[in-house]
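Sequences and hints are given; from them, build the entire structure.
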Amino acid sequence: MPALGVRVENVTKQLGHTTALCQVSTVFEPGLVHGIVGPNGAGKTTLMRVLTGLLHPTQGRVEYYDQAGPVSPAQAKYAEGYFPQEPSLYPDLSCREHLEFFRDLYDLNQADYEPRMQELFEATGMSAFTERPAGKLSGGMYKKLGLMCVLLNRPRLLLLDEPTVGVDPVSRQELWDLVYGFAGQNTTVVLTTSYMDEAQRCAKVHVLDGGHLKAAASPQELMRRFNVTQFADIFLKP
Amino acid sequence: MKLFLRRVRSVASKEYKHILRDPFTLVVALVLPLVFVGMFGFVIDLDYKHMRLYVRDNDQTSVSRRFLQEVSSSGYFDQIPLHSPAQADAALQKNNTPAVLIIKPGFGRYVKSGDPASPGQLQLLTDGTDNVQASIIQIYMRGIVEATTALFAGEDAPAASSRIRTRFLFNPELSSRWFIVPALSTVIIGLLAIMLTALTVAKEWENGSMELLLSTPVRPTEIILGKLIPYFLLSLFDVLVVFVLALTVFRIPFEGSFLLYMVACAIYVTGALALGLVISVVTRQQQAAIQFAFAVGLLPSFIFSGFIFPIENMPLFFQYFTALFPQRWFLLISRTLFLSDAGLAPLAPAFWGIGLFAAGMITLAVFKFKTDVEP
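Residue numbers (this note's numbering), protein chains in the order written: chain F, 1 to 238; chain S, 1 to 375.
Because the hints were derived from the structure by calculation, they are not lab data. A hint or two may mislead.
Claimed, not checked - In the EDC-like style, the derived pairs of lysine to aspartate or glutamate whose C-alpha atoms are separated by at most 20 Å in a straight line are:
id, chain 1, residue 1, chain 2, residue 2
1, S, LYS203, F, ASP92
2, S, LYS104, S, ASP57
3, F, LYS77, F, ASP92
4, S, LYS17, F, ASP92
5, S, LYS17, F, ASP197
6, S, LYS112, S, ASP57
7, F, LYS214, F, GLU97
8, S, LYS49, S, ASP78
9, S, LYS203, F, ASP233
10, S, LYS17, F, GLU100
11, F, LYS136, F, GLU100
12, S, LYS203, F, GLU97
13, F, LYS136, S, ASP22
14, S, LYS94, S, GLU70
15, S, LYS17, F, GLU29
16, F, LYS136, S, GLU206
17, S, LYS203, S, ASP22
18, S, LYS112, S, GLU70
19, S, LYS2, F, ASP107
20, F, LYS77, F, GLU29
21, S, LYS17, F, ASP104
22, S, LYS2, F, ASP112
23, F, LYS214, F, GLU198
24, F, LYS77, S, GLU374
25, S, LYS2, F, ASP197
26, F, LYS214, F, ASP197
27, S, LYS104, S, ASP47
28, S, LYS2, F, GLU100
29, F, LYS77, S, ASP372
Said to hold, decoys possible - Computed footprint of chain F on chain S, listed as stretches where at least three residues anywhere in the stretch have a Cβ under 8 Å from a Cβ of chain F:
id, region
30, 4 to 10
31, 18 to 25
For glycine and all other residues, C-beta sits at the position ideal for the given N, C-alpha and C.
Structure representation (structure tokens):
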């Protein structure tokens, strides 16, 4: 199945008295690794939740599409995988139990599940920890388990909210290798990050600040546009 | 349908693992019913027996002595004799004197002759700060006086022919345990089922796992049913524990249909669990959920169910108001089926009461369950 793209048009999201997103328009092209960057409170998580359908735009719209044409939100729900920023796994369930739970939620048959599970455990280097409860995993392994849960369904749109926060440098590298390994023709990856070095690894970066989209382009194009030599400096420009 | 069942089973299986691995849930679910049964079954006794009665016999006749013998053998009173008026005064000045009985001179003569012109008098002084106990002492004493009078007056006395001969059906000894223990399931489910499920969804919101769950294709009905099933079984287990303890430890008879009783339990448990889910879905916070659960689980069980306070004695508005609470209806079913062999027909309104509540709460839980993280 081909990767899924998302078109965001004039999306405004009001959360109480706060305007979390204001007239945001951008496109997440299929098959690329997209980064949403911005300081704390920029609206990254809100945009991510809007993309997953967990928040509904106050104004504007979100459209999913693939190479064949538009895809309905209901169909997109089956095709996307989302791992939130906050700890969201069950501390008392083991890694294997987590995968079995998500296998049933995604209605995977055992014949498909077995090789995918093996592949994911090997790719993440977690084969030795299948029976360890999620609450006893290190920060990096915890994130890897979350990633495994959402990758189990082979999502056409993979949404990761701050996947490397609280993770040591080695695990960060491993997570990135994992994400790049799955991105491509069949999967679009959208992730949020506060680390500028990570943003530079993305094919396209969407810069958010105060709920406004400042720019969306490749890292090189953004540096040229903001006239900076260091990517992190784009937030220092007025 | 197959997918629906698979997801329900999966959520239920996950919940079952949480229960087994969470000591708090296990303690609440398995130990609390035993605590309740012990507390209500052994400690709380609504029967007034062996009340202290200070007695001053100023008549000192065979009749007054026989009368006091009757008082003792009733089992309601433990007599403490007063030998002087000063002792009587001292007893009255104590704060813990339930009652003082003074037999005035001439009591025996009157009882024997039945002459209304020279009545022998008894004076009963009761502590009105406990009005319930004072009333009960008065009623018991009146009964003993009547019995003693009849004894000495013989069959010719006109009073004897008009005495009421009373038989208490279904609870011949008017044991308060027979009254309380069959109603315990109402309180235990009312508290446990609501509290346990109130925590389950709120916990997922607080832990952040609900966000992950909602991003999958799982539907609200699948989550709700999956979460209800393990707690449903756990609550039925608690019902059975109380049932077995009632029969074996407290020797309460069970006269009705066991099948009917279990059907009623199943409906009542479903309603209570669904109410817990509604609380959980609305509050999204464990602390708030548990406070709500206590408020809507415990208070109606005690106050609006007839567990201790008779509904017939409430103001008319509250008599109708209690009809909103399934505790009232289930308690009626439980007591009736324990103590009588009544069938479905006389209990039909009560079954409607718990059935409508359960249907309403499930509908509300599904309706209120949000598939997004909107505040």
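A quick look at each hint next to the structure:
no.	hint	verdict
1	S:LYS203 / F:ASP92	holds (13 Å)
2	S:LYS104 / S:ASP57	holds (7 Å)
3	F:LYS77 / F:ASP92	violated (27 Å)
4	S:LYS17 / F:ASP92	holds (8 Å)
5	S:LYS17 / F:ASP197	violated (41 Å)
6	S:LYS112 / S:ASP57	holds (17 Å)
7	F:LYS214 / F:GLU97	violated (42 Å)
8	S:LYS49 / S:ASP78	holds (9 Å)
9	S:LYS203 / F:ASP233	violated (41 Å)
10	S:LYS17 / F:GLU100	holds (13 Å)
11	F:LYS136 / F:GLU100	holds (18 Å)
12	S:LYS203 / F:GLU97	holds (19 Å)
13	F:LYS136 / S:ASP22	holds (15 Å)
14	S:LYS94 / S:GLU70	violated (26 Å)
15	S:LYS17 / F:GLU29	violated (41 Å)
16	F:LYS136 / S:GLU206	holds (19 Å)
17	S:LYS203 / S:ASP22	holds (12 Å)
18	S:LYS112 / S:GLU70	holds (16 Å)
19	S:LYS2 / F:ASP107	holds (10 Å)
20	F:LYS77 / F:GLU29	holds (18 Å)
21	S:LYS17 / F:ASP104	holds (16 Å)
22	S:LYS2 / F:ASP112	holds (18 Å)
23	F:LYS214 / F:GLU198	holds (18 Å)
24	F:LYS77 / S:GLU374	holds (17 Å)
25	S:LYS2 / F:ASP197	violated (47 Å)
26	F:LYS214 / F:ASP197	holds (19 Å)
27	S:LYS104 / S:ASP47	violated (30 Å)
28	S:LYS2 / F:GLU100	holds (17 Å)
29	F:LYS77 / S:ASP372	holds (12 Å)
30	4 to 10	holds (count 4)
31	18 to 25	holds (count 3)
The structure shown violates the earlier hints numbered 3, 5, 7, 9, 14, 15, 25, 27.
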